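Residues per chain, in single letters:
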Amino acid sequence: MIKIELEVNGKKIQKEIPDHTLLSTFLREHINLTGTHVGCDTSQCGACVVHVDGKSLKSCTALAADLNGSKVTTIEGLASNGKLHPMQEAFKKLHGLQCGFCTPGMVMSVIDLLKQNKNPSDKEIRDWLEGNICRCTGYQNIVAAVKEAAAKM
Amino acid sequence: MKTFNYHSAKDVKEASKLSSSKSAFLAGGMTTLPSMKLGLASYNDLINLKNIKNLSGIKVSGKTIKIGSTTKHAEVSQSKEVKKAIPSLAALAEGIGDPQVRNRGTIGGSIANNDPAADYPSACIALNAVIHTNERKIEAEKFFKGMFETALKTGEIIEAVEFEIPKKSNYQKYPNPASRYAIVGVYVAECKSGVNVAVTGAKSCVYNDKNLSSALSKNFSSSAIDGIEISSSGMNSDIHASAEYRANMVKVFTKKAVEAC
Amino acid sequence: MASLVGSRVERKEDKKLLTGRGKYTADVTFAHQTYAYFVRSPHARAEIKKVDISKAEKSSGVVAVLTGKDIVNDKIGGLIAGWRIKSEDGSDMKVPAHPPLASETVNYVGDHVAVVIAESLDEARNAAELVKVDYKVLKAVVDTADAMKSDQIYKDIPKNLCFDWLLGDRAKVKEAFDKADKIIKIDLINNRVIPNAMEPRAANADYNPSTEEITLYTTSQNPHLARIIISAFNGVAPENKLRVIAPDVGGGFGSKIYPYAEEVVCSWAAKKIERPIKWVADRTESFLSDCHGRDHVTHAELAVKNDGTFLGFKNETIANIGAYASVFGTVTPTYLFGPCATGVYKMPAAYTNVKAVYTNTAPVDAYRGAGRPEATYTIETLVDKAARELGIDPAEIRMKNFPTQFPFQQTLVHSVDSGDYVAGLNKAIEAADYKGFEKRKRESEAKGKLRGIGLCTYFEACGIAPSPVVMMLGCGIGLWESAEVRFNPTGNVTVFTGSHSHGQGHDTTFAQIAADQLGVPIENIEISHGDTDKGPFGYGTYGSRSLTVGGTAIVKACDKIIAKGKRVAAKMLEASEDDIEFKNGEFVVAKSNKKKTIGEIAFACYLPGTYGEVKSPLPEGEEPGLKETSFFDPVNFSFPAGSHICEVEVNPDTGETAVVKYTAIDDFGTIINPLVVEGQVHGGLVQGIGQALYENCHYDQSGQLVTASYMDYTMPRADNFPDFNLGFTCTPATSNPLGTKGCGEAGAIAAPPAVMNAVMNAIGTEISMPATAEKVWKACKENKKTNSKAA
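Chains as they are written, first to last, in our numbering: chain G, 1 to 153; chain R, 1001 to 1261; chain F, 2001 to 2791.
Hints were generated in silico from the structure; no laboratory data involved. As the structure is a prediction and not an experimental result, all values here were calculated from the model.
Below 16 angstroms or equal to it, Euclidean Cα-Cα: the simulated EDC-like pairs (lysine to aspartate or glutamate) are: (1) K2136(F) <-> E2104(F); (2) K2023(F) <-> E29(G); (3) K1256(R) <-> D2653(F); (4) K123(G) <-> D2719(F); (5) K2775(F) <-> E1244(R); (6) K2049(F) <-> D2134(F); (7) K1137(R) <-> E1164(R); (8) K2015(F) <-> E76(G).
Computed list of chain G residues with no C-beta within reach of chain R, every gap over 10 angstroms: (9) N9; (10) K11; (11) S80; (12) H85; (13) K93; (14) M153.
Note that beta-carbon positions come from the ideal geometry of N, C-alpha and C, so glycine has one too.
Based on the sequences and whatever the hints tell you, model everything.
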């Protein structure tokens, strides 16, 4: 067991956890933030993407212990006072989600893209999404939503 | 995933001391953790190198670039110094995995793992890299021993990788459509000692194609290799690509890389 | 109030899903939760000699280890095939036993042998490794084409043949072929694909010893069907003691229509141990044990006249249904496949013969399109070949054979109520700039690339389905749909539907329909689905049926509400019922300004009295309350159709093939929400293009699944596609009041032939799906050789 302290969505959290606890397990099982989803075992689907210290990573491929002291933002932490993040708004407006399972990781991933590239082209968005698999939308409305959000942000 | 003891080493000495035949170093974990999750690997101890100071960072001296082993792919791809001195190396880093892998995976981790389809080993071979460990300096040609096998001994830790700044260079990859690892990746570099054509993905371990290298050393143009037959013997063959296809791709991608230099 | 039908209404369900507040089965955790891990067969075919659980039982945290023996002892029934198909000779299909946990034989890698239930998942998994199973490994049957010639898997099933089915008239076809100028022949493989909903399957079963009720949370497209099967066939609990909840479900694509072994085992075991049991598949388990899709080997022939007129069609197909006959596994390659195999054409004579074979692979069942993609791929590649061989333009040969009179009695089964295929193809030709292709081809050639164009015109039969028809064809259930429209006393509305949304947007589309029907603002309407304890029995979501069948049930229930509302309004407004009109949410007395809103009527229905006096607003004999139920059984299938045109660019040096332009013109009848419909088309296209270019399930000769992770199974990703160009034509369906036809499967049906026709057009050679880079490269190389020889 190992003691860790993380700031998750602005809240300081201290927990004692088994050493092999993945960040995704920590979020889902230990602090009940089930918005972060797990869709594969090989670090490819991207449903589990969260931000750690402002950068996107796959929470299924990071040990919680390794992130001791970090600031974590999950999908639950994006909206503030009930107001959706512009990226969430854009996904809603342009139907960038269907079943919603890949959506949390997708949204967290593209927010990171816009941090690095304020005005990405279609190709840059599609390339960035290499690490996020969606089986429902055919991606087209996701790309449109990212552009919409980029214009608003 | 099987349980283990997690350690965060303060320095290389401590990390080395903690290691055993049943331990693994964690330098990003992009391969180690998925392998453990799938039950393909298990360890008693995982020793995190990330918090060791001085293992991360990029330094350019006159003729070389030295990259600390825990430097992340995203740091290399976005580094102004790397982009200026060896743009192909920055581009290679930009093409590893996906953005989240690049935010986490490290050069040392990639090289120590020596996946036959990884990108960085080809850069090491093409750019006459020297791998600095806590014990010695190893030339890239002697470092990569075979599939997932390197010259590293138990407890030996990569501290940095030092690349020669070439006259010109380029890396071209045909990614596996599923995993996005290289089915074939070809790194062409014209260095002081001549041209290297490092190939990853095609065989069980990265290699320098001597025929292509020497032809290009004599005449650095894509037509210089027109007459060279690439043998498919010893090449990987799997559901994604036959040996014959890989052999073709080595040639096509070498030409592409030469033309892009 | 403006009509909402036809509007791009943003989805009501999105807020929760975008903020991480969705509730999927894996997110549900009960108090005193236990976790299940399944011991699965590592062999494709073996006899089970012995299962030793003694070590596992003693392992840390283990609550129970259950095996096939326990299933037998408790008389738990097997998994079922839901559709009984008869062979051409009149004999019944042959079906092997499929126990939820095997006790005698295992028949594919991933087959269920035992379950370990423990306090934590880690402990369950560790203990599962200690379950020792002695297998006698037998030679596996893997290959579809060779299955009938291979070792016999089941004692009572010769040639591994489930059925040998015929639809059509062989004699008539022979006559037609005898008259033909030319016979066009083709051999095809419809590659096996793996559905890969992003949410892995999961189940969490809780048992309440006080009420003796099991509550099963599960990843289902069809919770009512899960309940009836687990109750009536598996015998786990009576229906009234089994509640099935399919909460938010992360995609299905057919793979979650029916219950699997895991749901049965978790429900049964939860009752046994009197504790909740949670099982969540990891992705590898999904690959191994979710039902797969497609997997046909087909020989087809088309008899034509020299002018391109079609005379007859024959289709000889071997369909691999895997190790067991799954719920829709037998109807998919028969009644969902055969009738559509003649395509969207007038075809004077036709037959389809399907031999369904068992192999030692995961069961094959419905996957987006289910049978219709296989049918469309067959006829559309054959028609293109006919065009090539006859020297007729692919668009022209299609136009020539389109029916133009509707209703159109299609050759094999269907009476197609409406359509305008000529208009659809013309619109596609224009939208795709079909005529400008040669110029684009030259531009590609200047870059060293080969460019090809491919067409697909399709129709499909969905909106399943009229119950008497499907039951006559062998279906074990009716396929109607239910709706309950419940006014709450304060005037807002809850609509219960028996169908289920797992991405399709029912919460919005269905609310649009109810809002229009009732004149109630959409924000005051809640759609409820997915809980067998809440709404009436229904048949779930698949076969592009939800809107056409389930949406119509809502309309019908609303009609009943309005009829009652009229009676009540007549009494309240002291008018004759015949003089009451209902418009925009108001009951108005004709030629007067006397009216009551539907909210007032609802209120009166629930509070039928007045303070201080005995007086009811309700007509005499009218029951209080305002809630109506409808069970809608359609009179016909619905028949979406469309024309898709794809352009690809091929790099002949590497074989890399890219879809560079894709135009889809579809006729889905009335469109309720274009935003949702476009999304459905996009998703279907990516799955269809995925099958054509990337996806392939690969078993090796010993029956090991090689493509068991995203490292080896190519999932289509964002960078594989351009933006698609969509358009619509509309001939409303006449078989339902909404005029809708269904849109969910169109993309997956039309894209594979459109893409493959484009690839073959580019490289000039027939190749099979998926057209991977290596295959295309080899074909280009062969062409080069042939061409240089010819020169």
